[in-house]
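A.B. asks: The lines below spell out each chain.
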Amino acid sequence: MERHEYDVVVIGAGGAGLRAAIEARQQGKRTAIVCKSLFGKAHTVMAEGGAAAAMGNVNPSDNWMVHFRDTMRGGKFLNNWRMAELHAKEAPDRVWELEAWGALFDRTKDGKISQRNFGGHEYPRLAHVGDRTGLELIRTLQQRVVALQQEDEKLHGDPEAYIKVFAECTITRLLKDGDAISGAFGYWRETGDFIVFDAPAVVLATGGIGKSYVVTSNSWEYTGDGHALALLAGAKLINMEFIQFHPTGMVWPPSVRGILVTESVRGDGGVLRNSEGRRFMFDYIPDVFKDKYATTEEEGDRWYNDQANNRRPPELLPRDEVARAINAEVKAGRGSPQGGVFLDVSTRLPAAEITKRLPSMHHQFKELADVDITKEPMQVGPTCHYIMGGVEVDADTGAASVPGLFAAGEVSGGMHGSNRLGGNSLSDLLVFGRRAGAGAAAYVDGLAKRPTVTGVEEAKDEALAPLERSGGENPYEVHHELQRTMNDLVGIIRKSEEISEALQVVEKLKERAKNAASSGSRIYNPGWHLALDLRNMLLVSECVAKAALLREESRGGHTRDDFPGMSAEWRRKLLVCSAKPDGTSITVEERVQPSMRGDLIGLFERSELEKYLTEEELAEYDAAVKES
Amino acid sequence: MGYKAKFRIWRGEGGEGRLEDFTVEVNEGEVVLDVIHRLQATQAPDLAVRWNCKAGKCGSCSMEINGKPRLGCMTRMSTFEESETITVTPLRTFPVIKDLVTDVSFNYQKAREIPSFTPPADVKPGEYRMQQVDVERSQEFRKCIECFMCQNVCHVIRDHEENKPNFAGPRYLMRIAELDMHPYDVAERKESAQEEHGLGYCNITKCCTEVCPEHIKITDNALIPMKERVVDRKYDPLVWLGSKIFKRQR
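Each protein sequence line maps, in turn, to chains A and B. So for the first sequence, UniProt numbering puts the first residue at 1; every next one is plus one. So for the second sequence, UniProt numbering puts the first residue at 1; every next one is plus one.
For the record, the hints were derived by calculation from the structure and aren't laboratory data. Small disclaimer: the values here were computed from a predicted structure and weren't measured. Every residue gets a Cβ at the ideal spot worked out from N, C-alpha and C, and that includes glycine. A few of these clues could be false.
Claimed, not checked - Quick list of the computed label-pair ranges, beta carbon to beta carbon:
1. B:16 with A:462: 30 to 40 angstroms
2. B:204 with A:348: 35 to 45 angstroms
3. B:92 with A:589: 48 to 58 angstroms
Please work from the sequences and hints to get the whole structure.
C.D. replies: Next comes the structure, spelled out in structure tokens:
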């Protein structure tokens with residue numbers, strides 16, 4: 001069996017994975033990047049709007065404290081505050097560093113990086129390149145990896161001496177030596193041959209879980225691999241009940257349902273209307289945001305040109321609010337003919353401006369839906385977009401509870417609390433990708449000896465099982481039923497009976513998945529690959545449903561029809577998932593979240609905190625304020 | 001709404017294969033990739049195809065549809081007659097791994113041969129100042145999603161395996177142009193474009209531009225200007241004179 005020795009193995013080659021790998025290599029570690037697709041194709045390319053970083057290029061009032069406050073508000077104060085702090089402080093440096101690696105962001109008049117408005121951000125904050133920022137980010141990081149390889153070629157005569165990409169290679173198990181990570185096991189998609197990585201540190205950067213849902217903006221890769229690998233290796237997942245449904249996905253034609261329509265459309269002036277032509281978002285401004293959003297169309301429209309004297313339009317509320325509002329309008333019978341609502345930029349900006357600012361949206365609608373967005377409105381509806389929950393990690397190093405295991409980006413949990421702000425994902429993966437890479441490098445430095453790889457035979461048997469069965473379940477059918485179940489029963493609006501029903505279905509699907517059979521050879525066999533991915537999707541779905549059933553409140557990306565209010569008691573609690581190594585007995589426990597550091601909580605007004613915190617926490621706040 | 005379409009899809013591995021016929025359901029609004037996915041789910045579970053984003057942003061699902069390089073996810077079924085047989089084959093310029101999946105490592109090899117962005121040593125991150133008008137030229141080339149269809153269609157290598165070692169292909173010649181036009185890049189790009197990366201092989205037939213799903217004007221905006229820059233350098237009398245004097249002094 002093919003075997004490789006590395007210091008750090010990074011699983012996933014999106015923004016977080018590449019940034020982690022670059023850091024580990026820059027710290028002198030022999031680093032492998034293992035990814036399911038070709039190098040440069042990861043889901044990060046689909047990010048459109050931009051990377052949030054308080055550089056203050058467009059509005060000099062912006063700084064890390066404002067960004068921190070916006071992030072905590074967006075996450076409804078459930079965020080890991082240390083992560084939100086590090087993120088707000090370090091994002092500008094991470095963006096500037098990309099520029100030094102060749103990224104070409106759009107510019108301000110004075111030649112700096114331009115920044116655009118986005119939902120939940122008080123000032124224009126998103127560094128961007130038209131509406132293809134994710135592509136710029138991934139290409140820049142990809143080219144940085146190539147630059148490091150060119151350096152290594154000069155120094156060592158081998159471009160892959162210190163950093164190598166294993167593309168189209170899927171990891172199915174993390175390997176351990178006692179309690180600690182010792183490597184990873186996987187297969188080459190191309191040949192079906194197995195591969196073992198012998199490595200003391202593994203960084204998970206596998207992204208999200210969207211493929212457990214039918215309507216999603218996520219690609220096939222988003223099968224929750226990292227979430228499941230961590231769980232099976234003994235790590236904990238937090239906040240799994242919080243899933244972001246992006247308010248604006250395409251609704252037609254059916255085959256592209258769910259594909260993302262960037263929030264920049266609204267940031268640049270697009271408005272949402274129902275079938276009666278009403279800008280309905282004015283009817284959905286929640287109490288906690290009442291004083292921050294315009295109450296008339298006139299004020300909202302003035303804001304685009306004069307932000308100092310007007311409040312922003314409610315189309316730019318955080319994503320969870322907008323998604324719920326669209327959902328409610330459609331349910332009330334005021335939806336568009338194709339089952340969404342209207343998103344119109346055609347009457348708001350000149351055609352030339354639209355094609356310049358939103359080129360890929362223009363292209364996407366024209367090619368896929370025969371809609372010219374410079375002439376007519378788009379029809380949009382919510383789509384499963386992002387999971388806030390993930391591997392519980394140490395904020396500073398990205399370390400999970402299992403020694404040697406690290407996680408960064410979407411697969412990690414905590415940073416975004418119950419709801420992520422748009423633009424905070426690209427900056428998250430840069431900030432914490434770098435930190436996880438550095439964390440893994442430091443961990444390796446501190447080891448007295450390399451751990452030993454164990455468990456290879458078991459991993460091999462597990463991977464081969466679907467090919468050895470004949471006449472079993474069709475993995476495509478099992479997958480389809482899982483997607484329907486999660487979409488219908490643990491979707492944007494949830495209730496107890498439905499979640500319980502979903503859990504029963506998942507139980508049955510787990511049995512069927514164990515019996516999944518794949519015909520054909522081991523060479524590039526998508527049926528086999530899907531059969532193996534099913535384990536991960538089912539594990540993750542069970543975590544989502546179990547946590548969703550327990551949390552009896554509505555907050556951010558978790559809305560309970562039977563518990564519509566936000567609860568200050570629940571805000572303090574995180575739900576923590578764990579499982580046995582064979583993936584059975586998933587348990588969910590409550591854990592109290594540590595109180596925010598005094599200097600950070602001091603950044604908020606008491607009147608705002610009263611909307612979120614318990615009396616006990618407010619007393620702590622008063623004491624802290626008194627002391628300082 | 002729905003109808004049964006006739007497909008002929010190239011299937012095979014290990015250097016052997018044949019076109020296989022399928023009849024498959026097609027629904028309103030679908031693209032070729034949807035139909036291939038339906039075949040996987042219902043008739044051919046091990047049919048190999050690359051794909052990711054399904055929105056024309058990642059450049060994974062390049063294939064040849066009725067002989068033309070296309071993204072499967074952006075080719076709508078409504079562009080064909082219902083009675084038409086649609087033939088889907090893998091990219092011709094690269095070796096087939098299985099079915100519609102080809103070995104595109106040639107491109108990654110070429111990417112590594114182009115020297116990376118080289119800023120002046122004294123500019124620190126955060127200090128870059130560039131005007132929008134100055135970054136726009138390179139930004140056009142950075143729209144590239146690396147679908148490799150321009151590489152696939154370029155006649156310099158499509159039917160001439162022997163040219164591959166000496167020719168970077170449109171995608172990577174455009175990368176050189178992108179760097180040469182970057183306001184802060186200080187590396188020498190012109191001579192090497194010609195001498196090492198085969199810019200001279202290109203005889204501007206614009207096949208690459210025609211096939212680009214991002215509508216990048218590869219030939220007009222990248223390759224021709226790059227050729228002009230090379231010529232300026234080669235035949236600039238001042239440069240020529242300077243090089244003679246310099247040589248004589250040594």
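A.B. asks: Against each hint, give a clear statement of whether it holds in the structure.
C.D. replies: Right, here's what the structure says about each hint:
no. : hint                                 : verdict
1   : B:16 with A:462: 30 to 40 angstroms  : holds, 32 angstroms
2   : B:204 with A:348: 35 to 45 angstroms : holds, 41 angstroms
3   : B:92 with A:589: 48 to 58 angstroms  : holds, 57 angstroms
Violated hints are absent here; each numbered hint is respected by the structure.
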